[in-house]
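4 protein chains.
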Amino acid sequence: MKRDKLGLDRIVFFSDAVFAISITLLALDLQPPLGPQPNRTASVFVELLPEYQSYVISFIVIGLYWISHHHYFRFIRRYDYTLVAINIGLLMCIASLPFATSLLDTYGNHRGVVTFYASCMVVTGLMKTLLWQYAAHNFRLIHRRLSRQRIRRLTRKAMIPPAVFAGSIAIATVNSDLAKMSWGAIALVLL
Amino acid sequence: MKRDKLGLDRIVFFSDAVFAISITLLALDLQPPLGPQPNRTASVFVELLPEYQSYVISFIVIGLYWISHHHYFRFIRRYDYTLVAINIGLLMCIASLPFATSLLDTYGNHRGVVTFYASCMVVTGLMKTLLWQYAAHNFRLIHRRLSRQRIRRLTRKAMIPPAVFAGSIAIATVNSDLAKMSWGAIALVLL
Amino acid sequence: MKRDKLGLDRIVFFSDAVFAISITLLALDLQPPLGPQPNRTASVFVELLPEYQSYVISFIVIGLYWISHHHYFRFIRRYDYTLVAINIGLLMCIASLPFATSLLDTYGNHRGVVTFYASCMVVTGLMKTLLWQYAAHNFRLIHRRLSRQRIRRLTRKAMIPPAVFAGSIAIATVNSDLAKMSWGAIALVLL
Amino acid sequence: MKRDKLGLDRIVFFSDAVFAISITLLALDLQPPLGPQPNRTASVFVELLPEYQSYVISFIVIGLYWISHHHYFRFIRRYDYTLVAINIGLLMCIASLPFATSLLDTYGNHRGVVTFYASCMVVTGLMKTLLWQYAAHNFRLIHRRLSRQRIRRLTRKAMIPPAVFAGSIAIATVNSDLAKMSWGAIALVLL
Chain W
14 MKRDKLGLDR IVFFSDAVFA ISITLLALDL QPPLGPQPNR TASVFVELLP
64 EYQSYVISFI VIGLYWISHH HYFRFIRRYD YTLVAINIGL LMCIASLPFA
114 TSLLDTYGNH RGVVTFYASC MVVTGLMKTL LWQYAAHNFR LIHRRLSRQR
164 IRRLTRKAMI PPAVFAGSIA IATVNSDLAK MSWGAIALVL L
Chain D
14 MKRDKLGLDR IVFFSDAVFA ISITLLALDL QPPLGPQPNR TASVFVELLP
64 EYQSYVISFI VIGLYWISHH HYFRFIRRYD YTLVAINIGL LMCIASLPFA
114 TSLLDTYGNH RGVVTFYASC MVVTGLMKTL LWQYAAHNFR LIHRRLSRQR
164 IRRLTRKAMI PPAVFAGSIA IATVNSDLAK MSWGAIALVL L
Chain U
14 MKRDKLGLDR IVFFSDAVFA ISITLLALDL QPPLGPQPNR TASVFVELLP
64 EYQSYVISFI VIGLYWISHH HYFRFIRRYD YTLVAINIGL LMCIASLPFA
114 TSLLDTYGNH RGVVTFYASC MVVTGLMKTL LWQYAAHNFR LIHRRLSRQR
164 IRRLTRKAMI PPAVFAGSIA IATVNSDLAK MSWGAIALVL L
Chain A
14 MKRDKLGLDR IVFFSDAVFA ISITLLALDL QPPLGPQPNR TASVFVELLP
64 EYQSYVISFI VIGLYWISHH HYFRFIRRYD YTLVAINIGL LMCIASLPFA
114 TSLLDTYGNH RGVVTFYASC MVVTGLMKTL LWQYAAHNFR LIHRRLSRQR
164 IRRLTRKAMI PPAVFAGSIA IATVNSDLAK MSWGAIALVL L
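Protein chains in written order, with this note's numbering: chain W, 14 to 204; chain D, 14 to 204; chain U, 14 to 204; chain A, 14 to 204.
Looking at chain W on its own, in the form it has when it is part of the complex:
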């Protein structure tokens, strides 16, 4: 259980870099789907809209995970190599989100792909919950002055997204559009 400041900073820094690269690489998927002579102003916007829509959604999803990582790490004061390993597991999920999103983008109305995307989100969310649970258990790596109530609230908040996505996998066996709509519930619950 190390307390060295630089060590913790490097972990946070490394995570930030992986988040930043993943989120910026999303722009590589923006492709000009224009015909050879895109002369009419309106048509350019209409043609580019779906491109940007998926870019914006993915950016917001990874951005929210970054904010959440930022938020939870504010309470973490020490580290051990188990925390580092869990954190790398979380980053592995984050870095693969652009792929899962582009898959959903291309095959959005197929049940298998919707289930796959939801599974990715479940695993990512569980990783975050695990990270927090490990750090907070008996104040293992967090600040002593954090109240038990607050810790529990943070745990609950971490568990909402994976729970909703797990539920949506069940819904997807009936209707995949309904499953996608259920994802909106996360926004409603978290706000």
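Keep in mind the hints are simulated off the structure, nothing from the lab. As the structure is a computational prediction, the values presented were derived from the model and not from experiment. Incorrect hints may have been included.
You can't tell identical chains apart in this list, so a pair holds if it fits in one copy or across any two.
Stated by the list, open to error - Subject to a maximum C-alpha distance of 20 Å in a straight line, what follows is the list of computed SDA-like cross-link-like pairs (lysine to any residue):
(1) Lys18 x Pro63
(2) Lys193 x Leu167
(3) Lys170 x Asp93
(4) Lys18 x Leu143
(5) Lys170 x Tyr94
(6) Lys193 x Asp22
(7) Lys170 x Ser115
(8) Lys170 x Ala98
(9) Lys170 x Arg87
(10) Lys18 x Ile70
(11) Lys18 x Tyr65
(12) Lys170 x Val59
(13) Lys193 x Gln146
(14) Lys170 x Tyr65
(15) Lys18 x Ile164
(16) Lys18 x Arg87
(17) Lys18 x His84
(18) Lys193 x Arg165
(19) Lys193 x Phe58
(20) Lys193 x Pro63
(21) Lys18 x Leu191
(22) Lys18 x His123
(23) Lys170 x Thr95
(24) Lys170 x Leu201
(25) Lys18 x Ile89
(26) Lys170 x Val136
(27) Lys18 x Gln44
With chain W held as given, fit chains D, U and A onto it using these hints.
Okay, now just chains D, U and A, sitting in the frame of chain W:
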């Protein structure tokens, strides 16, 4: 409204990383347009010139946004998650600029694309203005000792580029080359 | 032999960035190998499994090198430009690991490629050992209070992976699957 | 002329990130040139050698520029936005080096390309010299206690590479292989 130093540092750091990745990825668009036997010295330079021209312009545009981000954040001392959200919105615009630029590069003489590029710049500029307005309003997140006059000057400066680009959208309905020339006005006004 | 804090921070930071970029770029290799109508849920998971398997393994390998870099640099307190040069050599190995891995992925049952991959790992491991040996020799760049015993333990630990991979090159001349299995020995010895 | 620590740190950080991304992206050029059945161990190494050779050289070139940036910035204590602009110009050169190198790689025996590569190196070297000259002139942005003699030595050292590359452009008009060999002179002079 948090005051923790590490929290603000991570936001600045994350932004820097996104800027750095976006600006460096511009180089991926450099493509050797050479024929099989580029023997003559002069012709190599002539063929590579347009490649480099668009690279240099995009690099300068993103570089200027980074300088501006650097400049405005020097006055920001605290953060809340609204600021983080606006900042992520700004980064989303920045990360998509290489795409907008390459679009302009390929279809530069089409009015729709010129309008699209100008719209991207308007949104990016407004995001920056919003970030500053939010932070500076009633000294919400900035240093108390900043004079009201200076705050207003910084707000005005942030609003010039989106205003010019918005004007150029109107000009583009008449003539898209004229619209592009009007963008040079930003350099004149800001210097 | 410089002691300036910022100088050492930049070296660590630069290394972290190279690690983070290399590990995140692994996700670019994730390709949707799906047919046009991936309707059945199970088949999507089955088809994506090999993609993810190689992604996860490569992520863990680079992640372990990062943890190890993090661990060894905690003891390094000063730097000189020889250390910087060795560190850049190590980063050169790290940045090329995704290529070596994708090669192994594609031609995994060919002896030449297995030998090539093992050689890459030997060179990377030797670089790390060299870095540590250079820094630790006569307490050149490390903390004085580190016991000689601990230094030796760290040296031994750094030498295990290259030794195992070197051994697997010999094994590969007989059987390349056996060679690959021998790599698992590293996990056993290090845990 | 600002003295704020965070401001200077961000400039250094942003530069490090651009260097790190440029140097890591070099690995994207590593391509498996293997035939369908690379069974013989020796042939795999022989086929991959030229790939790695150009990767290693480019990595060392950018690595040396990073070391040099690291070295010169140790003496810079303040910044103004002219320094920031010159630094962005230098980064623009650095980020385009992988392209210039891959060009040299593909068309290495054509005089025009050799001249182009040497010109890139001249511009990059001059940018670095300009950065240093601007910062050091009348101790504008550097530490006061630096001796004039040391400043001059650092200036001379910065000017050697662009001078050699400029000379090689003249040599290339006669023989491009001789020009390439002359680049080795830099290593000899700097060591």
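Going through the hints against the structure:
no. : hint            : in the structure
1   : Lys18 x Pro63   : neither (44 Å within a copy, 39 Å between copies)
2   : Lys193 x Leu167 : neither (25 Å within a copy, 43 Å between copies)
3   : Lys170 x Asp93  : between (24 Å within a copy, 18 Å between copies)
4   : Lys18 x Leu143  : neither (23 Å within a copy, 26 Å between copies)
5   : Lys170 x Tyr94  : between (25 Å within a copy, 16 Å between copies)
6   : Lys193 x Asp22  : neither (37 Å within a copy, 36 Å between copies)
7   : Lys170 x Ser115 : neither (27 Å within a copy, 38 Å between copies)
8   : Lys170 x Ala98  : between (22 Å within a copy, 18 Å between copies)
9   : Lys170 x Arg87  : within (15 Å within a copy, 33 Å between copies)
10  : Lys18 x Ile70   : neither (35 Å within a copy, 30 Å between copies)
11  : Lys18 x Tyr65   : neither (40 Å within a copy, 34 Å between copies)
12  : Lys170 x Val59  : neither (38 Å within a copy, 32 Å between copies)
13  : Lys193 x Gln146 : neither (28 Å within a copy, 36 Å between copies)
14  : Lys170 x Tyr65  : neither (29 Å within a copy, 28 Å between copies)
15  : Lys18 x Ile164  : neither (23 Å within a copy, 22 Å between copies)
16  : Lys18 x Arg87   : both (13 Å within a copy, 10 Å between copies)
17  : Lys18 x His84   : both (18 Å within a copy, 13 Å between copies)
18  : Lys193 x Arg165 : neither (28 Å within a copy, 45 Å between copies)
19  : Lys193 x Phe58  : between (25 Å within a copy, 19 Å between copies)
20  : Lys193 x Pro63  : within (17 Å within a copy, 26 Å between copies)
21  : Lys18 x Leu191  : neither (47 Å within a copy, 43 Å between copies)
22  : Lys18 x His123  : neither (47 Å within a copy, 46 Å between copies)
23  : Lys170 x Thr95  : between (22 Å within a copy, 18 Å between copies)
24  : Lys170 x Leu201 : within (12 Å within a copy, 37 Å between copies)
25  : Lys18 x Ile89   : both (11 Å within a copy, 14 Å between copies)
26  : Lys170 x Val136 : within (15 Å within a copy, 32 Å between copies)
27  : Lys18 x Gln44   : neither (43 Å within a copy, 39 Å between copies)
Violated hints, listed in ascending order, are 1, 2, 4, 6, 7, 10, 11, 12, 13, 14, 15, 18, 21, 22, 27; each of the other numbered hints is respected by the structure.
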